[in-house]
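Trainee: Turn these sequences into a full structure, and let the hints guide you.
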Amino acid sequence: MPDKKEKFEQLAKVIEELKDQPGALMPVMQHAQNIFGCVSLDVQKAIAEGLGVTLSEVYGVATFYSQFKLKPAGKYVISVCLGTACYVKGSQKILDKLSEELKIPVGDTTDDGLFTLNATRCLGACGLAPVMTINEEVYGRLTPDAIPGILAKYTE
Amino acid sequence: MENMINLTIDGVQVSAPAGSTVLEAARLANIHIPTLCYLKDVNQIGACRVCVVDVGARALQAACVYPVSEGMVVKTNTPAVRAARKTVVELLLSIHDRKCLSCVRNNNCELQDLCRDLGIEDDNRFAGKMNQYEIDDASPCVVRNNNKCVLCRRCVAACAKQNVGVIGPVRRGFNSAIESPWQVKLAQTGCVGCGQCIVACPVGALKEKDSINAVDALLASGKHVVVQPAPAVRAALGEEFGLPIGTSVTGKMVAAMRRLGFSKVFDTDFGADLTILEEGTELVQRLTNKGVLPMITSCSPGWIKYCETYNADFLPNLSSCKSPHEMLGAVVKSYYAEKMGIDPKDIAVVSVMPCTAKKFEARREELSNAGLQDVDEVLTTRELARMIRRAGIDFASLPDEDFDSLLGESTGAGVIFGATGGVMEAALRFAYEAVTKKELKEVEFHAVRGLDGVKEAEVDLDGTKLHVAVAHGTGNAQKLLDSVRSGEKKYEFIEIMCCPGGCVTGGGQPIVKADVRAGVNVSALRAKALYGEDEGKALRKSQDNAELKVLYSEYLDEPGSHKAHHLLHTTYHARDKYEGIQ
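Here the protein sequences line up with chains A and B, keeping their order.
Going by this note's numbering, the residue at position 20 of the first sequence is 28; the numbering climbs one at a time, nothing skipped.
Going by this note's numbering, the residue at position 439 of the second sequence is 1140; the numbering climbs one at a time, nothing skipped.
Derived from the structure by calculation, the hints contain no laboratory data.
Even glycine gets a Cβ: it sits at the ideal position worked out from N, Cα and C.
Treat the hints with care, as some may be off.
[Stated by the list, open to error] No farther apart than 25 Å at their CA atoms in a straight line, the calculated lysine-lysine pairs in the DSS-like style are these: (1) K1166/B / K1180/B; (2) K830/B / K101/A; (3) K862/B / K27/A; (4) K53/A / K886/B; (5) K101/A / K12/A; (6) K83/A / K161/A.
[To be verified] Stretch by stretch, here's where chain A covers chain B in the computed footprint (C-beta under 8 Å, at least three residues): (7) 864-871; (8) 1250-1259.
Mentor: So, in structure tokens, the structure goes:
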């Protein structure tokens, strides 16, 4: 794993390569997200300074596209399936319950860096609907009531 | 001869220069197309769709960005066009906090105008969920209320044009809003407080931080409250009372201030003359002692904060002079207090400025003396107008009155401070005589007048060549500074004003609606009023100001004296634009 300093050196190289092409901001941000896993404040400042654009501009793009993350992903990434089968089986309620329990909106990461909550398309386990995964672990036939118990396994 | 394009708009034959938009062509034919996000020379992005017209294409097109072409047939008033515009405005209203009665822009709002002109019958046609935004009033200059924002982006464009860019659109869809990055308040950003966003806003989403309540409290406190208006205020205040743009209302303004209950009405123009003596002397000293050059003017607090935040390497170039109203405040609380036998603690100074950045400046710790701020409160021109209306004063029928003596006299040099190039011209009128010891016969320096972004001139001071430059708007200033930094340009003296057009079009001035701004040059008209005042003055050089001579002979000794330095000069410090964003 490269350390922080090396990552910023990598970013500087990317900026140097792309800065003279029109519309460089988006590709630079994509590279940055690949390098750092997110476009955090420090990364956005470096991009703004490197490209000679304002932080407002970088932040505006970062919050416009859901693909960009402002925080690194949590230790446990929760993906709730909103595919057709899961959805008719009530996966929205599962997602809402998770959002409520973790006190974050969908797409966000808890302040302690433990959980990231995502909604996904079909996971291919429709027989188990509604389904979610936490990292590699699959949880099926979920009910909202089961959520606190499952989360507790990861917070202990 | 320009390449002209012929088209038909609503059956009228129009000939417009190639490259014109349909909106511009319609204006030539006196056909009014409503707009909202459009602000000439600032924001032309076709975002709001209020200006849609039928150009014969499959879909309606935004007139503000659609280019004219030969033989084009445009219809601006079909049932489909009217219906589309109406729906656009109705949708905007569905996310707009419609508390018009308590809005600072009531009766001066472009959204209200649209509702009236488009015949909106139901202001709640698309009733539904609304976002609730916290009002950001942490800045001493600008208050943002996103509940009233229509997302037109005029403020964003104005801020970007100033090369500051601390606001922008964030998030998307229903959740999009104009905010500073990372959800910080404006006060935590590198905002310079210029208020150009306020005068760009079509609605009440942006306004100055209120100082009327604080001034009311001062007037009720029993203190000796002195008021002083900046040069540019007199060139615009009349607009608030229905007078044409460019009407000078100096005498009525003074009369109104007296009727509002201020103890003395002094003139920031006197402070401007004082500034010229101090700054001009500083320039001559820097020239003779090989000091840091070019020297750059320091009157504009937006420019000062811009320099501190974005160009700190130029801080040694800034004149150490306080700005004119701060100088006058310092003199009021020292010389004037002594002369009148009033304890400075019992004196309050209120400045009326064309500027919102002055509200921040007045709070700078270094602009004080013996623990007292030089200036206590700053009102914008708009706030003064509100106080006059509230007091039931019939402005147009007021008599012309004179400023109070002691610190009320001014020369033409002080008056023109409000126009871009004015401080430079005033300083040259002084520097010429200071350097050559000869009388300056032709006082007008036309090379530094006008509205070019950057003006340059070579001035001959009887053999000594002075290279000067003038920039207005920090966007233009940045280009000028970059050319100096790279060594490409060399000057001895530079004037920089933060706001495009100088103080006459400062962020605290009466708001001129977009459709008026599209037709007239507001800066030029207001500046003309100031140059007219200058021409009408018997004395046109700061060094001829009689009351100023008394101030020096009785109190300050001479320009640049130890006492003058203590009272009238200041220091600056570098700021980190990201300091508040952690």
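Trainee: State for each hint whether it applies.
Mentor: Going through the hints against the structure:
1. Note on K1166/B and K1180/B: the hinted pairing holds, with a Cα-Cα distance of about 23 Å set against a maximum of 25 Å.
2. Of the pairs offered as hints, the one joining K830/B and K101/A holds, with about 21 Å between alpha carbons and a cut-off of 25 Å not exceeded.
3. A distance of roughly 21 Å separates the Cα atoms of K862/B and K27/A; the hinted pair therefore holds under the 25 Å criterion.
4. For the hint pairing K53/A with K886/B, the CA-to-CA distance comes to about 17 Å; that is within 25 Å, so the pair holds.
5. Among the hinted pairs, K101/A with K12/A is inconsistent with the structure: their alpha-carbon atoms are about 39 Å apart, more than 25 Å.
6. Between K83/A and K161/A the CA atoms are separated by roughly 13 Å; this keeps the pair inside 25 Å, and the hint holds.
7. Interface restraint, the stretch 864-871 of chain B with chain A: holds (6 residues with C-beta to C-beta distance below 8 Å; minimum three).
8. Counting residues of the stretch 1250-1259 of chain B whose beta carbon lies closer than 8 Å to any beta carbon of chain A gives 0, which falls short of the minimum of three for the stated coverage.
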